[in-house]
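Chains V, P and B, in that order, are what the protein sequence lines are. No gaps in the numbering here: position 57 of the first sequence is 56 in numbering that gives the first Met the number 0, and each next residue is one more. No gaps in the numbering here: position 438 of the second sequence is 437 in numbering that gives the first Met the number 0, and each next residue is one more. No gaps in the numbering here: position 245 of the third sequence is 244 in numbering that gives the first Met the number 0, and each next residue is one more.
These are calculated hints, taken from the structure and not from any lab test. All of these numbers come straight from a predicted model, not from anything done at the bench. Among the hints, a few may not be true.
[Stated by the list, open to error] Across the chosen pairs, the derived CB separations fall in these ranges:
1. 462/P to 59/V: 53 to 63 angstroms
2. 102/B to 184/V: 51 to 61 angstroms
3. 91/V to 304/B: 27 to 37 angstroms
4. 207/B to 176/V: 47 to 57 angstroms
[What the hints assert, rightly or not] Here are the simulated SDA-like pairs of lysine to any residue, each with C-alpha atoms no more than 25 angstroms apart in a straight line:
5. 88/P to 17/V
6. 143/V to 232/P
7. 17/V to 143/B
8. 359/P to 200/V
9. 17/V to 185/B
10. 88/P to 197/V
11. 17/V to 147/B
12. 143/V to 152/P
13. 29/B to 147/B
14. 143/V to 26/V
15. 88/P to 149/P
16. 17/V to 133/B
17. 17/V to 272/B
18. 53/B to 39/B
19. 17/V to 277/B
20. 359/P to 211/V
21. 17/V to 202/B
22. 359/P to 191/V
23. 143/V to 281/B
24. 29/B to 202/B
25. 17/V to 281/B
26. 17/V to 140/B
27. 359/P to 210/V
28. 143/V to 97/V
29. 143/V to 153/P
30. 359/P to 212/V
31. 88/P to 195/V
32. 17/V to 279/B
Glycine residues also receive a C-beta, built at the ideal position from the N, C-alpha and C atoms.
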Amino acid sequence: MTPWLDTLMVLVVFTSLKLLGSSRLGSCIRTAAFQGVLLGLLPIVAHPGSLAPRLLCMSAAAIGLKGIVFPWLLFRALRGARVRREVEPFVGYTSSLLIGVLALIAALWAARHLRVPGRPISPLLVPVALSTMLVGLFLIISRKKALSQVLGYLVFENGIYAFGVGVAYEAPLLVELGVLLDVFVAVFVMGIAIFHIRREFDSIDTTRLETLRY
Amino acid sequence: MILSLLLVPVVAAVVAFLPSAAPLRRGLLVLAAALHAGLSLATWVTPASPEWHGMLALDAAGRLVLTVTSALFFFVALYVVGYLGREVKDERRDFEEGFLFTNAPEAVFVACLLLFLASMTLVSVSQHFGMIWVGIEATTLVSAPLIYFHRHHRSLEATWKYLMICSVGIGLALLGNFFLAIAATRPLGGTTPLLLQTLVADAGALQTDWLRPAFILLLVGYGTKMGLAPLHTWLPDAHSESPSAVSALLSGTLLNCAFLGILRGLQVCQAAGLGEFARSLLVVFGLLSMGVAAVFLTAQTDYKRMLAYSSVEHMGILAFGIGIGGGGTFGAMFHMVNHSITKAMLFLLAGNILNAYGTKSVDEVQGVFRRLPASGCLWVTGLLAITGTPPFSLFLSEFLIVRAAIDAGRLALAAAFLALLAWIFAAMSRSMLRMAQGTPPARGTAASAEPFLAVAPPAALAVAVLALGVFVPGPLLSLLRQAASALGGP
Amino acid sequence: MESVTIAAFLHPVLAAALAPLLPGVINRVKAFFAGRTGPSLLQPYRDLARLLRKGAVFSPTTTGLFQLAPAAGLAITLVAMALLPAGGFPALLPFPGDFLLLVGLLALARFILILAALDTGSSFEGMGASREAAFAVLSEPALLLGLAAAVRVSGELSLSGIMAAASAGAWTTAAPALLLVLGSLLAVFLTENARIPVDDPNTHLELTMIHEVMVLDHSGPDLALIEFGAALRLWVFGALIVGLATPLRTGVPLADAGIFLAGMLALVGFVGVLESAIARLRLLRVPQFLVGAIAFSVLALVLVLR
Chain V
0 MTPWLDTLMV
10 LVVFTSLKLL
20 GSSRLGSCIR
30 TAAFQGVLLG
40 LLPIVAHPGS
50 LAPRLLCMSA
60 AAIGLKGIVF
70 PWLLFRALRG
80 ARVRREVEPF
90 VGYTSSLLIG
100 VLALIAALWA
110 ARHLRVPGRP
120 ISPLLVPVAL
130 STMLVGLFLI
140 ISRKKALSQV
150 LGYLVFENGI
160 YAFGVGVAYE
170 APLLVELGVL
180 LDVFVAVFVM
190 GIAIFHIRRE
200 FDSIDTTRLE
210 TLRY
Chain P
0 MILSLLLVPV
10 VAAVVAFLPS
20 AAPLRRGLLV
30 LAAALHAGLS
40 LATWVTPASP
50 EWHGMLALDA
60 AGRLVLTVTS
70 ALFFFVALYV
80 VGYLGREVKD
90 ERRDFEEGFL
100 FTNAPEAVFV
110 ACLLLFLASM
120 TLVSVSQHFG
130 MIWVGIEATT
140 LVSAPLIYFH
150 RHHRSLEATW
160 KYLMICSVGI
170 GLALLGNFFL
180 AIAATRPLGG
190 TTPLLLQTLV
200 ADAGALQTDW
210 LRPAFILLLV
220 GYGTKMGLAP
230 LHTWLPDAHS
240 ESPSAVSALL
250 SGTLLNCAFL
260 GILRGLQVCQ
270 AAGLGEFARS
280 LLVVFGLLSM
290 GVAAVFLTAQ
300 TDYKRMLAYS
310 SVEHMGILAF
320 GIGIGGGGTF
330 GAMFHMVNHS
340 ITKAMLFLLA
350 GNILNAYGTK
360 SVDEVQGVFR
370 RLPASGCLWV
380 TGLLAITGTP
390 PFSLFLSEFL
400 IVRAAIDAGR
410 LALAAAFLAL
420 LAWIFAAMSR
430 SMLRMAQGTP
440 PARGTAASAE
450 PFLAVAPPAA
460 LAVAVLALGV
470 FVPGPLLSLL
480 RQAASALGGP
Chain B
0 MESVTIAAFL
10 HPVLAAALAP
20 LLPGVINRVK
30 AFFAGRTGPS
40 LLQPYRDLAR
50 LLRKGAVFSP
60 TTTGLFQLAP
70 AAGLAITLVA
80 MALLPAGGFP
90 ALLPFPGDFL
100 LLVGLLALAR
110 FILILAALDT
120 GSSFEGMGAS
130 REAAFAVLSE
140 PALLLGLAAA
150 VRVSGELSLS
160 GIMAAASAGA
170 WTTAAPALLL
180 VLGSLLAVFL
190 TENARIPVDD
200 PNTHLELTMI
210 HEVMVLDHSG
220 PDLALIEFGA
230 ALRLWVFGAL
240 IVGLATPLRT
250 GVPLADAGIF
260 LAGMLALVGF
270 VGVLESAIAR
280 LRLLRVPQFL
290 VGAIAFSVLA
300 LVLVLR
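Start from the sequences, fold in the hints, and give me the full structure.
Structure representation (structure tokens):
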């Protein structure tokens, strides 16, 4: 199973890099959705033999939420915002890509020092999860459009979810569903906030949100 | 009992969404608040039994936070009834910049308030770390519409910052939960479930290599929500731009819930032998928060932001108290109660002042004693209370913390603590006393009579904080002792 | 021994003979997609013959360097051919670390062309030369890191060893890494040979030319040498890709050579399809494209290093 798992991990890193380098918001949303779907498939690929119904249920919920619901919500916000592209971010695209590569290397180094007890599903999982988290955080701080910041938050949550799967942590079903629900409501509320930002400022550029100081 | 504590606000919120007359909705709010308060008081008499295989249970700290939350919510609900009655339905002019804006629909406001109560209840009763996370994230999400009640660009900015910063911070706390799960993996396979009591009981088997980063992540994550510096940047904006009743709840109840999350992590660390490590981190964050608050309070021109920074300071005091340990734990628990009551009162009064004067600037508000006698007296009372003057209860709790620091031999820390408190006393008194005295300016809305519902809740809270300074009732004392001993204090 | 040596000589000779076919195939595929019949497959040979018959014109601003450069560049590329294995056969002069020399020789050939462009003293050629150099800065790390990953997968330090080891066995164990290396090498292929999406070989607009403008001043036999050298570069990079991509080593010389040739034709056919299907990237986007290629190579290296 390792080649499949490795391919999955590599694809996840691709999506992170693509998000760092792309300025078209529509394609960014689709890439983030694809990343969510890949990570939703992760538990199934990781445990091919034991397909417990609970595992399938969680996988299906994650894929449905991240692959269908979130892009729908974000595309609605995008249409309302009537923007197509990110404006020149605080860190340029080529530098962002290089930083993404550096984040991957840093995550690999960090993962080497974090010895996860038990058998990890794949030695690549923890580095990829950490690097996805770092990429998500970087997107939040370096992009100006509110929608890009929401995408960064989604990628950050994706990374944490991947870490959770890799650690093979079996939370009670209620808690896992609660977590998914919370992320869904978060994206929903953020989408509404973006709608209001657009109405208020005629743009979703967050550099306008700087009047409150001290 | 616990399930009904959760269900009452949720059901009320759903009903509040249904179209109905405004007075009915406000009545529903007060009714639900009263019911909830009654139920939480009932848990003092008959202990609530754990539900859902022990995931929901009320231990000492949880009961403390729940009672404070419930009581404060009741008083704030009374205030909100009057507030909503005074709010203009259609467009109105902004005080500071003069543009026109509208308010959010009242149904959304009331429903979100009730859901806010429900999510905070969830945090108080959760014994499972994952459930705590779900609850705290839920509080963030349902309080965002509350902050955005006045629909203009400043509150939108505050709401966006609040959403982003708190969501990222709480995401880090989720990562901390996973690290905790790794720490709890048994050597022969399988995981200890992340229930508080189980983890504390099994603490010897926890791997400290993973417990350390887990606590750091929980501290940073929930600390963002609690308002510890340097993660506090959302707090002044959110607490100053939201309606005063919402600010009262945010400062008085929400910060406690985030603190509870950190306390749970501390309990596990304490049991696993990492108590010293955890406490030293808390002391650092505590003093840093107090310092940052002192700096920003010094030349503060907006009195609501001033109160918000004061919340940062008091959260720092809480962290410091817990970090010192020993008698400081009891002091911090007591301080949590005192601060909630006092800060809620102050925010409600700030709402009255804002309504009467039409400005949030400290320089432009003069003569509150003359214009709003009751609010003015309570304002000065609140100032004395919040800065730790005897005979108010905050003096007692801060004194206990300082004494614990001296007893532990950490004289430098105690000295820094006292110096910062003095600095903050000077900064806040200067602004707040100036506001109260003098002659009121001729302009501003002519609100001569102070509505009963606007004054009675703050007055009741003032009486409470004064009473606690003189006499702490037996049951409360024993609850505080129980909570402190669970955290390793005497 | 004898047959191996002859076969080793055979590859450079065969490459020199067949290399001009590659641009012909690309043009033919592009014409097919455009709905035209297109030039014949042997057209590049006719073009070379025609150019060799003509006389050369040299600008008075150029020096001897300009006249030497095409021949020097071609010579260096032919030397690089000696290091290149093909179709399961080892190269003419393999030694450990020869992949570094290969990259160096190709860079040297490009450098000489850049010097010749600068030598004309025209800002037009200089602009094209500077763009070419800028892209080279980013494509070389991608190439080197990708080859490093291939070295690690195969455990051999010589190109011939790497290609020999890239059999089906290596593919089953390190498939993701090899795919990443191939992706990165494809990006480098497109950059080094000035193909879409990096550069449009058919454009004649000032603002958009990169490679074309660099060789604008050459004429007659010099231009023939340069075009032949470009075809050889296509062959070299193509051989790298096809060598890594084909997992079959039947051991029968003719079969291996046939597979190799088929692979080369498939590759240039694919490049033709790519040129017809996608548009050229904005100049500002090419560095991002190349950093993406570097990221692929780094990822592949990371995958095989753990």
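Hints and how they fare:
Remark: the range hint 53 to 63 angstroms for residue 462/P to residue 59/V is upheld by a beta-carbon distance near 56 angstroms. Evaluation of the 51 to 61 angstroms hint for residue 102/B and residue 184/V yields a pass: the beta carbon distance comes to about 53 angstroms. Between residue 91/V and residue 304/B, the C-beta spacing of about 29 angstroms keeps the proposed range 27 to 37 angstroms intact. Distance hint for residue 207/B and residue 176/V: a CB-CB separation of about 54 angstroms, consistent with the stated range 47 to 57 angstroms.
As the CA atoms of residue 88/P and residue 17/V are separated by approximately 48 angstroms, the hinted pair breaks the 25 angstroms bound. The hinted pair formed by residue 143/V and residue 232/P meets the criterion: a straight-line CA distance of about 18 angstroms does not exceed 25 angstroms. Of the supplied pair hints, the one linking residue 17/V and residue 143/B holds, its CA atoms being roughly 22 angstroms apart against a limit of 25 angstroms. For the hint pairing residue 359/P with residue 200/V, the CA-to-CA distance comes to about 23 angstroms; that is within 25 angstroms, so the pair holds.
About 18 angstroms separates the Cα atoms of residue 17/V and residue 185/B, which keeps this hinted pair within 25 angstroms; it holds. Pair hint residue 88/P plus residue 197/V holds up; C-alpha atoms about 23 angstroms apart against a cutoff of 25 angstroms. Distance hint between residue 17/V and residue 147/B is fulfilled; the C-alpha atoms sit about 24 angstroms from each other, no more than 25 angstroms. Proposed proximity of residue 143/V and residue 152/P is supported: the alpha carbons are some 17 angstroms apart, at most 25 angstroms.
With a C-alpha separation of about 34 angstroms, the suggested pair residue 29/B and residue 147/B falls outside the 25 angstroms cut-off, and the hint is violated. The hinted pair formed by residue 143/V and residue 26/V meets the criterion: a straight-line CA distance of about 17 angstroms does not exceed 25 angstroms. Of the pairs offered as hints, the one joining residue 88/P and residue 149/P holds, with about 11 angstroms between alpha carbons and a cut-off of 25 angstroms not exceeded. This hinted pair checks out: residue 17/V and residue 133/B have alpha carbons roughly 22 angstroms apart, not beyond 25 angstroms.
The suggested pairing of residue 17/V with residue 272/B holds, with an alpha-carbon distance near 23 angstroms, which does not exceed 25 angstroms. Restraint check: the Cα-Cα separation between residue 53/B and residue 39/B comes to about 22 angstroms, which is no more than 25 angstroms; the hinted pair holds. Taking the CA atoms of residue 17/V and residue 277/B, the gap is about 18 angstroms. The hint holds against a cut of 25 angstroms. Between the alpha carbons of residue 359/P and residue 211/V the distance comes to roughly 13 angstroms, so the proposed pair stays at or under 25 angstroms and holds.
Annotation: proposed proximity of residue 17/V to residue 202/B is violated, straight-line Cα distance about 29 angstroms (limit 25 angstroms). Taking the CA atoms of residue 359/P and residue 191/V, the gap is near 28 angstroms; set against the 25 angstroms cutoff, the hint is violated. Distance restraint check for residue 143/V and residue 281/B: the Cα-Cα separation of roughly 23 angstroms lies within the 25 angstroms cut-off, and the hinted pair is therefore satisfied. The straight-line distance between the Cα atoms of residue 29/B and residue 202/B is roughly 14 angstroms, inside the 25 angstroms bound, and the hint therefore holds.
Proposed proximity of residue 17/V and residue 281/B is supported: the alpha carbons are some 17 angstroms apart, at most 25 angstroms. Note on residue 17/V and residue 140/B: the hinted pairing holds, with a Cα-Cα distance of about 20 angstroms set against a maximum of 25 angstroms. The straight-line distance between the Cα atoms of residue 359/P and residue 210/V is roughly 15 angstroms, inside the 25 angstroms bound, and the hint therefore holds. A C-alpha spacing of about 19 angstroms is found between residue 143/V and residue 97/V, which places the hinted pair at or below 25 angstroms, so the restraint holds.
A hinted pair counts as satisfied when its Cα atoms are at most 25 angstroms apart, and residue 143/V with residue 153/P qualifies at roughly 18 angstroms. Between residue 359/P and residue 212/V the alpha-carbon distance is near 14 angstroms, which keeps this suggested pair within the 25 angstroms criterion. A C-alpha spacing of about 19 angstroms is found between residue 88/P and residue 195/V, which places the hinted pair at or below 25 angstroms, so the restraint holds. With a C-alpha separation of about 18 angstroms, the suggested pair residue 17/V and residue 279/B falls inside the 25 angstroms cut-off, and the hint holds.
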